[in-house]
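Novice: These are the residues of each chain, in order.
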Amino acid sequence: MFSSEVIKMIGFGLLETLYMTLVSTALAYIIGLPLGVALVVSEGSENPLVRGANTVLGVIVNLLRSVPFLILLVALIPFTRFIVGTSIGSTATIVPLVVASAPFVARLVESSIKEVDRGVIEAAQCMGASMTKVIYKVMLPEAKPSLIVGSAIAVTTILSYSAMAGFVGGGGLGDIAIRYGYYRYQDDIMIITVALLVVVVQILQEIGMRLAKIGDRRIN
Amino acid sequence: MAQGRPIISIRDLEKIYKSKNSHVKALEHINLDVYEGEVFGIIGLSGAGKSTLVRCMNFLERPTAGTVFFDGKDLSQLTKKELLIARQSMGMIFQQFNLLMQRNSIDNICFPLEIVGMERNQAKKRAYELLEVVGLSDKANAYPAQLSGGQKQRVAIARALATNPKVLLCDEATSALDPATTHSILGLLKQINKDMGLTIVVITHEMSVIEEICQRIAIIDDSRIVEMGNVIDIFTNPKTEIAKSFASPGGDRPDRVIGNRLVQIIFDGNSSYEPVLAKTILECKAPVNIMFADTKNIDGRAFGQMIIQLPEDENLSNRVLAYLRTQDIIVKEVEASV
Ligand SMILES: Nc1ncnc2c1ncn2[C@@H]1O[C@H](COP(=O)(O)OP(=O)(O)O)[C@@H](O)[C@H]1O
Ligand SMILES: [Mg+2]
Numbered sequence: 001m002f003s004s005e006v007i008k009m010i011g012f013g014l015l016e017t018l019y020m021t022l023v024s025t026a027l028a029y030i031i032g033l034p035l036g037v038a039l040v041v042s043e044g045s046e047n048p049l050v051r052g053a054n055t056v057l058g059v060i061v062n063l064l065r066s067v068p069f070l071i072l073l074v075a076l077i078p079f080t081r082f083i084v085g086t087s088i089g090s091t092a093t094i095v096p097l098v099v100a101s102a103p104f105v106a107r108l109v110e111s112s113i114k115e116v117d118r119g120v121i122e123a124a125q126c127m128g129a130s131m132t133k134v135i136y137k138v139m140l141p142e143a144k145p146s147l148i149v150g151s152a153i154a155v156t157t158i159l160s161y162s163a164m165a166g167f168v169g170g171g172g173l174g175d176i177a178i179r180y181g182y183y184r185y186q187d188d189i190m191i192i193t194v195a196l197l198v199v200v201v202q203i204l205q206e207i208g209m210r211l212a213k214i215g216d217r218r219i220n
Numbered sequence: 221m222a223q224g225r226p227i228i229s230i231r232d233l234e235k236i237y238k239s240k241n242s243h244v245k246a247l248e249h250i251n252l253d254v255y256e257g258e259v260f261g262i263i264g265l266s267g268a269g270k271s272t273l274v275r276c277m278n279f280l281e282r283p284t285a286g287t288v289f290f291d292g293k294d295l296s297q298l299t300k301k302e303l304l305i306a307r308q309s310m311g312m313i314f315q316q317f318n319l320l321m322q323r324n325s326i327d328n329i330c331f332p333l334e335i336v337g338m339e340r341n342q343a344k345k346r347a348y349e350l351l352e353v354v355g356l357s358d359k360a361n362a363y364p365a366q367l368s369g370g371q372k373q374r375v376a377i378a379r380a381l382a383t384n385p386k387v388l389l390c391d392e393a394t395s396a397l398d399p400a401t402t403h404s405i406l407g408l409l410k411q412i413n414k415d416m417g418l419t420i421v422v423i424t425h426e427m428s429v430i431e432e433i434c435q436r437i438a439i440i441d442d443s444r445i446v447e448m449g450n451v452i453d454i455f456t457n458p459k460t461e462i463a464k465s466f467a468s469p470g471g472d473r474p475d476r477v478i479g480n481r482l483v484q485i486i487f488d489g490n491s492s493y494e495p496v497l498a499k500t501i502l503e504c505k506a507p508v509n510i511m512f513a514d515t516k517n518i519d520g521r522a523f524g525q526m527i528i529q530l531p532e533d534e535n536l537s538n539r540v541l542a543y544l545r546t547q548d549i550i551v552k553e554v555e556a557s558v
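Chains as they are written, first to last, in this note's numbering: chain A, 1 to 220; chain B, 221 to 558.
This is chain B alone, in the form it adopts within the complex:
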């Protein structure tokens, strides 16, 4: 994707949590740029330093070394007041939603507007508009305790958007939600990114979240960024063990597939995500047996691999092979055990 201007730039950032008897290096040598209008993902295992990194982006946590530029400004050079104003241009949503429990949806969304000093009626009007954007107009007067997890996150998104921020930071925003709700929340974020051109930074430990909405990612492991680039590049050609493990969860290798007439099909992202196998079966009128499958749809393209068993009939079997070779996939005949 075309890269515009960086909205967040981080240079040589380091964060050490020091207390009397402990010294935790949460981040070191962090360099990254988040460009205007993109959805940037930060993925890593629990404890890798993701939350610390996102909290350094709005200076909720002060880095112990290095610089954070937001919208061209070095955050460490701002006065207290200027920092508060800069934060008003950064929305944030959280795993636990963090809504005010004693305020209803509308008043939660009005909250950041009160902070910037918007007049009450105007704030309310804006809050109703935003509630419509997130599809919750009928829950204006509901309190958080009366909302489901997904609805709470929608209110939180509306609240984060209220002040027209330049970026939206999402720290594990879908980690407390079930898969269907996660999908709908990610859909909403995607739509907001597209419609409003809002830059979004997504922190997650789940590959599926990255696949669904991110264009570029950084993989963070043990306080450092170990890989960074386009999602597709990283997952077709992961260089580090950690990236490989995210690319194929559980390190799945079909090493226990045993049988004969086996064919390995590799989807390397050149083919679009289509039911290749179903089409093969229909075209060749031959039954095939799926022994192993681990494929993903990233940005509309297919990645991963499959192992299938060809039919016993040699004619049929050859026909299937020939057909598969016409597709934009890599086909390998394999020995009994892969």
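The shape of chain A in the complex, shown without the other chains:
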């Protein structure tokens, strides 16, 4: 049905998509996880400076989240060029992906940590745990199942963003779908790339849910 060249191209596109998605997710978490924790611990602090920082952080996160990804992608082209040297291809796409998803990840992390019972945190404070210890030994481990579910949501969202980046030559399956399926009316290629994207999303989602369940001691 497909020539070996097309198959090779689609296979390479799949790898590029995975590469962009996974690397971007990892970087988004490196930035978003501490931000999410910071949002939680700075909220309602007695120190007005810390409360101010929380407000500023919240506003930045909300601003970045409300800009549609496609617009952010275009707006960030100079910045991407500055960092990667080019604005085309899968590595270049990682830059806008991270900028767009880190705030989203921060909110996901924030809501996961907020699910942790306040009483448990209080108990730790009663035992003389410092804030750092509360974060490392209570908040993050207790929120683990929810954090994993969040990461499954994040990774699939980032994957769909990466496909959008195809419009500006971002590489990966999205790029192929646009170049062949949209500009050249090759419906079969369009369908196979879309199907692949759906399958990848399903697999990532399923892995996330399973990991969350296996690790959750509240139900096993």
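Hints may be right or wrong, so weigh each one.
Claimed, not checked - Have a look at the derived ranges for each label pair, beta carbon to beta carbon:
#	chain 1	residue 1	chain 2	residue 2	range
1	A	Leu15	B	Ser239	53 to 59 Å
2	B	Asp488	A	Arg51	54 to 60 Å
3	A	Phe82	B	Lys301	42 to 48 Å
4	B	Glu349	A	Ile207	37 to 43 Å
5	B	Tyr237	A	Asp117	18 to 24 Å
6	B	Gly369	A	Ile30	37 to 43 Å
7	B	Asn361	A	Ile83	48 to 54 Å
8	A	Lys213	B	Leu298	43 to 49 Å
9	B	Lys464	A	Asp117	36 to 42 Å
10	B	Ser395	A	Thr132	30 to 36 Å
11	B	Glu349	A	Glu46	35 to 41 Å
12	B	Asn361	A	Leu15	38 to 44 Å
No wet-lab data here; the hints were simulated from the structure. Glycine included, each C-beta is placed from N, C-alpha and C at the ideal position.
Keeping the supplied structure of chain A fixed, place chain B with the ligands upon it in accordance with the hints.
Specialist: Just chain B with the ligands now, kept in the frame of chain A:
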């Protein structure tokens, strides 16, 4: 009981919760001492300020005025770090247990030991010992979700004891438990108090909890301490309405007991808690009818009152009266309606 050194002293404490549009005075004019080795109770209705008071004891909540001394140290004068260290000498247990849900029993008990930086193997060893103290050795690897309420509270107690604290603060620790489990948890606390000499502060809204383990209490009502002293003194001679209502729940007065040949028996704590009535019936070989009873066993002594109806036969009836008068109780003949 002999009073030793105060381990917690509170002077003129006040706590106001302030926010933009509210101003709640949760505590005012609080003065109290908790002595080493005692079981001190704080009883009050919901919203009276009990939790706030106990949270001021470990500075989880900073008082807006007044001083809290723990083990001779003014907590407000401590640096952040010193306060964290002071808290390691105060164990606390809660109504909702507050165990780490993603850690099994042993690792929950190891948690405070990790905070103080104890080496892992040593911590585990200590955790197993404590699990034995609370009678849960077979649940070492169980997660909280697999334990009953009483078992969770036992793990929480073991965890609170891990760092060898000087006091154990219990905020409504049995309020989520059924009566039998409550009894067994209170028994455990009593035993820990006796065996280890650990000072315990018990916060509750239930009189039965106070009766079972406390020696001294403070009654807190509407942000203030309204009565304080030995349990026995307060409940034989309650001065405030709130104390009276705790001493006889529901304000029970036998005002609807109607009949003749009625006798009111008052147990004022001078007699030991014995089946006085059963003995009377056996001794006098006479049937008596209990019309009303509200008695309690506080620290092995009987408190409260009973209203009984004497048998119709005058001889029998006199014999019962005479016998009752030989007992260490107050006996009053009463008119038709009390
Ligand atoms: N963090 C808080 N902010 C504002 N008000 C509070 C806070 N905690 C307690 N209060 C108020 O303080 C009063 C005493 O509460 P609390 O100490 O929890 O009572 P208790 O434990 O006796 O039921 C209540 O009126 C309660 O609403
Ligand atoms: Mg309370």
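Novice: Hint by hint, note whether the structure agrees.
Specialist: Hint by hint, here is what the structure shows:
no.: 1; hint: Leu15/A - Ser239/B: 53 to 59 Å; verdict: holds (55 Å)
no.: 2; hint: Asp488/B - Arg51/A: 54 to 60 Å; verdict: holds (58 Å)
no.: 3; hint: Phe82/A - Lys301/B: 42 to 48 Å; verdict: holds (44 Å)
no.: 4; hint: Glu349/B - Ile207/A: 37 to 43 Å; verdict: holds (41 Å)
no.: 5; hint: Tyr237/B - Asp117/A: 18 to 24 Å; verdict: holds (21 Å)
no.: 6; hint: Gly369/B - Ile30/A: 37 to 43 Å; verdict: holds (41 Å)
no.: 7; hint: Asn361/B - Ile83/A: 48 to 54 Å; verdict: holds (49 Å)
no.: 8; hint: Lys213/A - Leu298/B: 43 to 49 Å; verdict: holds (44 Å)
no.: 9; hint: Lys464/B - Asp117/A: 36 to 42 Å; verdict: holds (38 Å)
no.: 10; hint: Ser395/B - Thr132/A: 30 to 36 Å; verdict: holds (33 Å)
no.: 11; hint: Glu349/B - Glu46/A: 35 to 41 Å; verdict: holds (39 Å)
no.: 12; hint: Asn361/B - Leu15/A: 38 to 44 Å; verdict: holds (43 Å)
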